[in-house]
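*Asks:* Chains as they are written, first to last, in my numbering: chain A, 1 to 326; chain G, 1 to 326; chain L, 1 to 326.
Misleading hints may appear alongside valid ones.
Just so you know, same-sequence chains aren't split out, so a pair can sit in one copy or run between any two.
EDC-like mimics (lysine to aspartate or glutamate), calculated; alpha carbons at most 16 Å apart, straight line [said to hold, decoys possible]:
#  : residue 1 : residue 2
1  : K326      : D303
2  : K176      : D199
3  : K130      : D119
4  : K61       : D80
5  : K198      : D214
6  : K287      : E112
7  : K251      : D303
8  : K200      : D214
9  : K200      : D161
10 : K198      : E254
11 : K275      : E293
12 : K55       : E77
13 : K64       : D124
Since the hints were made in silico from the structure, they are not lab data.
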Amino acid sequence: MSHPFFKNHGPFKFSEIINSLNISIDNSSNENEIYDIKDLVSSTKNDITFFHSKKYKDVAKKTKASFCLTTDVLKTELPDNCLALVVKNVLVSTSKITSIFYPESINDNFDETAISINDTHFKDTVDFGKNVLIGSNVSIGNNCKIGHNTIIEKNVVIGDDCCIGSNNVIRNTVVKNNVKILDNCTIGKHGFGFFPIKDKNLRYPHIGIVLIEDNCEIGCGTTIDRGSMSNTIIGKNTYLDNQIHIAHNVKIGENSIIAGQVGIAGSSIVGNNVKIGGQAGISGHLKIGNNVEIGGGSGVIRDIPDNTKVMGYPAKNIREFLRDNK
Amino acid sequence: MSHPFFKNHGPFKFSEIINSLNISIDNSSNENEIYDIKDLVSSTKNDITFFHSKKYKDVAKKTKASFCLTTDVLKTELPDNCLALVVKNVLVSTSKITSIFYPESINDNFDETAISINDTHFKDTVDFGKNVLIGSNVSIGNNCKIGHNTIIEKNVVIGDDCCIGSNNVIRNTVVKNNVKILDNCTIGKHGFGFFPIKDKNLRYPHIGIVLIEDNCEIGCGTTIDRGSMSNTIIGKNTYLDNQIHIAHNVKIGENSIIAGQVGIAGSSIVGNNVKIGGQAGISGHLKIGNNVEIGGGSGVIRDIPDNTKVMGYPAKNIREFLRDNK
Amino acid sequence: MSHPFFKNHGPFKFSEIINSLNISIDNSSNENEIYDIKDLVSSTKNDITFFHSKKYKDVAKKTKASFCLTTDVLKTELPDNCLALVVKNVLVSTSKITSIFYPESINDNFDETAISINDTHFKDTVDFGKNVLIGSNVSIGNNCKIGHNTIIEKNVVIGDDCCIGSNNVIRNTVVKNNVKILDNCTIGKHGFGFFPIKDKNLRYPHIGIVLIEDNCEIGCGTTIDRGSMSNTIIGKNTYLDNQIHIAHNVKIGENSIIAGQVGIAGSSIVGNNVKIGGQAGISGHLKIGNNVEIGGGSGVIRDIPDNTKVMGYPAKNIREFLRDNK
Numbered sequence: 001m002s003h004p005f006f007k008n009h010g011p012f013k014f015s016e017i018i019n020s021l022n023i024s025i026d027n028s029s030n031e032n033e034i035y036d037i038k039d040l041v042s043s044t045k046n047d048i049t050f051f052h053s054k055k056y057k058d059v060a061k062k063t064k065a066s067f068c069l070t071t072d073v074l075k076t077e078l079p080d081n082c083l084a085l086v087v088k089n090v091l092v093s094t095s096k097i098t099s100i101f102y103p104e105s106i107n108d109n110f111d112e113t114a115i116s117i118n119d120t121h122f123k124d125t126v127d128f129g130k131n132v133l134i135g136s137n138v139s140i141g142n143n144c145k146i147g148h149n150t151i152i153e154k155n156v157v158i159g160d161d162c163c164i165g166s167n168n169v170i171r172n173t174v175v176k177n178n179v180k181i182l183d184n185c186t187i188g189k190h191g192f193g194f195f196p197i198k199d200k201n202l203r204y205p206h207i208g209i210v211l212i213e214d215n216c217e218i219g220c221g222t223t224i225d226r227g228s229m230s231n232t233i234i235g236k237n238t239y240l241d242n243q244i245h246i247a248h249n250v251k252i253g254e255n256s257i258i259a260g261q262v263g264i265a266g267s268s269i270v271g272n273n274v275k276i277g278g279q280a281g282i283s284g285h286l287k288i289g290n291n292v293e294i295g296g297g298s299g300v301i302r303d304i305p306d307n308t309k310v311m312g313y314p315a316k317n318i319r320e321f322l323r324d325n326k
Numbered sequence: 001m002s003h004p005f006f007k008n009h010g011p012f013k014f015s016e017i018i019n020s021l022n023i024s025i026d027n028s029s030n031e032n033e034i035y036d037i038k039d040l041v042s043s044t045k046n047d048i049t050f051f052h053s054k055k056y057k058d059v060a061k062k063t064k065a066s067f068c069l070t071t072d073v074l075k076t077e078l079p080d081n082c083l084a085l086v087v088k089n090v091l092v093s094t095s096k097i098t099s100i101f102y103p104e105s106i107n108d109n110f111d112e113t114a115i116s117i118n119d120t121h122f123k124d125t126v127d128f129g130k131n132v133l134i135g136s137n138v139s140i141g142n143n144c145k146i147g148h149n150t151i152i153e154k155n156v157v158i159g160d161d162c163c164i165g166s167n168n169v170i171r172n173t174v175v176k177n178n179v180k181i182l183d184n185c186t187i188g189k190h191g192f193g194f195f196p197i198k199d200k201n202l203r204y205p206h207i208g209i210v211l212i213e214d215n216c217e218i219g220c221g222t223t224i225d226r227g228s229m230s231n232t233i234i235g236k237n238t239y240l241d242n243q244i245h246i247a248h249n250v251k252i253g254e255n256s257i258i259a260g261q262v263g264i265a266g267s268s269i270v271g272n273n274v275k276i277g278g279q280a281g282i283s284g285h286l287k288i289g290n291n292v293e294i295g296g297g298s299g300v301i302r303d304i305p306d307n308t309k310v311m312g313y314p315a316k317n318i319r320e321f322l323r324d325n326k
Numbered sequence: 001m002s003h004p005f006f007k008n009h010g011p012f013k014f015s016e017i018i019n020s021l022n023i024s025i026d027n028s029s030n031e032n033e034i035y036d037i038k039d040l041v042s043s044t045k046n047d048i049t050f051f052h053s054k055k056y057k058d059v060a061k062k063t064k065a066s067f068c069l070t071t072d073v074l075k076t077e078l079p080d081n082c083l084a085l086v087v088k089n090v091l092v093s094t095s096k097i098t099s100i101f102y103p104e105s106i107n108d109n110f111d112e113t114a115i116s117i118n119d120t121h122f123k124d125t126v127d128f129g130k131n132v133l134i135g136s137n138v139s140i141g142n143n144c145k146i147g148h149n150t151i152i153e154k155n156v157v158i159g160d161d162c163c164i165g166s167n168n169v170i171r172n173t174v175v176k177n178n179v180k181i182l183d184n185c186t187i188g189k190h191g192f193g194f195f196p197i198k199d200k201n202l203r204y205p206h207i208g209i210v211l212i213e214d215n216c217e218i219g220c221g222t223t224i225d226r227g228s229m230s231n232t233i234i235g236k237n238t239y240l241d242n243q244i245h246i247a248h249n250v251k252i253g254e255n256s257i258i259a260g261q262v263g264i265a266g267s268s269i270v271g272n273n274v275k276i277g278g279q280a281g282i283s284g285h286l287k288i289g290n291n292v293e294i295g296g297g298s299g300v301i302r303d304i305p306d307n308t309k310v311m312g313y314p315a316k317n318i319r320e321f322l323r324d325n326k
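All chains should be modelled from the sequences, with the hints used to inform the complete structure.
*Replies:* Here's what the structure looks like:
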């Protein structure tokens, strides 16, 4: 869990945490302080964690967290050092606690800290167009260009030799060296993540970032959402064409090529040297191996092993697809 | 038919209307005044209406309109109070007459009335970014935010507690309370509606609006076109992800969830509590029931009854789809 | 090959060209000057050309070029007047030589020549919004409108009676008369063309333009990339809806209608009077005939003859598609 950009408002007293969940625990820990909310693996003894599915049973057994949001069924898996806090919906409660630690990560209103680049020290080091705005907590390396009307909102790190085009909105993003971002992109906004509740959905926090590695190119009109509890990552030398949508927590490997209008749903992982044809879609929470080729228009709804070529909806082996569709 | 934003230039004399159609009618009504053009049901005796398909036979029989654009075959269905005006192409003629009453509804050129928000009274009541423009006939409620470079063009009503992001263009739209619109959206432009004519198509008027109900969220890069003769509606607490296209006259119910890159073609109606997966498409003039789930990538080309889960292209029952595609 | 906008930095001495390719040729031509790089058909005796596939054998035999990048196998097809330059990868070498003649055609950084329209002579002849920027080498005809925040970058010709909306970025584009471009479009950027090379891809030059003929309409959020060695063309009176992506070198005929979210991959040719439904995709290098109808959501992966209706993925005869999917 990486959240370099969102201020942790902790620590909070255990009693405060408990009250916000509307549960009561007979416990002597009320005065204990909790410093952060983390996943089962990353937590230390000062943290609260969460455990909502038995598929995490093995890591749950070893968590170092002192407190864990979980269910009546799962709580028996936790070690002695960890006090189970049984709640009705683990993910909703996790969201609530995360919101307490990171209140700025929930809503993405426009950045009120953004000012004209002419009023910042970047005016001397960046090659920039008209009407460029820069928010707080931004750093920009050497030999960078930023085009007209682009808004670098708060919490952005840009490396050396980057070319950012016009009309972009970027926030909560780390861009490494020699990256090109063309025009009309929106990068680093929160993902499409919320708990559906009748009449008024509950948004959950997005404390992750977008990380774009060296030598990438991002086409026009592309959207890349930042991660919720992890980061959204575009690997080195990966090229994205126009009008692509990359959802929260997606991780794409190196040297991959993704054609226009592709969409990759939340939390899917794409390997290295992957080629994805235009308009293909990848469902959420999938694993696409290395050296995979996905034909244009495909709909991928299952994991794809390394070195495989697929096509179709749902995507299957490309030879099979072409044979079935002579 | 609702057209709060387009000025009705009527009434017009019956003789003027007849002349514009290039038909001749031997009739004593020449000096009569016509106040509006409406559908068969909404028309009053001062209005002209249109009747182009026998599927509207039953409502045609009861229309209160004094004049009706129709065909030689259909005219016998009209009541005695209604004079049939037989034309070659009912919809083209309807378009021509609507253009006479509502000339501003045809072309969507940039809004020349838009000025800097700093030069409006909203500078004191709205929390706004750099370079925000506001057109004529705009109202904005309490506690609203409008991001950088956003253009609120003419004919927009925004309720309370709304957050509009950056780089948006919005016109002819009513936004209710607590709505979030992220970045790079275009909302309220005319739809993709015209009569194909060799060398120079004929655009038809769009006198409808976009209505976005309470608690909605609209993702980045989304386009929502206003209605032609009715409105385009996004129901309460419905969330739209990034890069979605909602065409003219579409009506989406409450508490629905629509994932990235979905497209809904003109005049389709989507119920309440509907979930639509990424990149799915819905053809025009369909009816999608309540509590429907549509799998990602689906292509829906038929109506879907309530409480149904579908997937595929064309979309069918999801169990069938998964069985056929093991 | 048309490249009205990119300056040819030639002529170059044959020896300079040879050196850049890292090949050695025992030849007396070292002091010869080469004026341009062109395809096999367009080349004159002052030019260098390229020949990479035997399907161009017949035109290769007749080329007037004095030099030709090719392979050991293909070189025997060339006429006596043409010296074969055998290289490892013909297209990579072609790209390198093109980059030498046209260095400005490789990277699309923001246009540093763009200034406020208020500081140009267009302030007296164009009807324009706030914050409009105009680059060098732009011409605009009579009776044109340009909306707020739109950037007409360098190398743009706009005819008479055109309406350009807001938030657009346009470069390297010829727009004929009576064209409407709505909002948030990016037109004329280089295409998604490069040679994949581990760790750092090699972009190839795009010396073509975008040509939009009379009476076209381009919807919101649409991207149209300029051609690499030829032009990207939208024919007369063709209408594009919102969020369409047109890749490099695509040519679309007259009077065609393309619905929302369609994508057409590189170098495909679409005929006249073609109708394409929403979200359909067309693979690269295909030929779609005249009077073709492509159903919404289709994935076209083969050529389509004139007067055919297709649907499906892969697209097939629509009657067959509907019969197979009752």
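*Asks:* Does the structure break any of the earlier hints, and which numbers would those be?
*Replies:* 6 and 13
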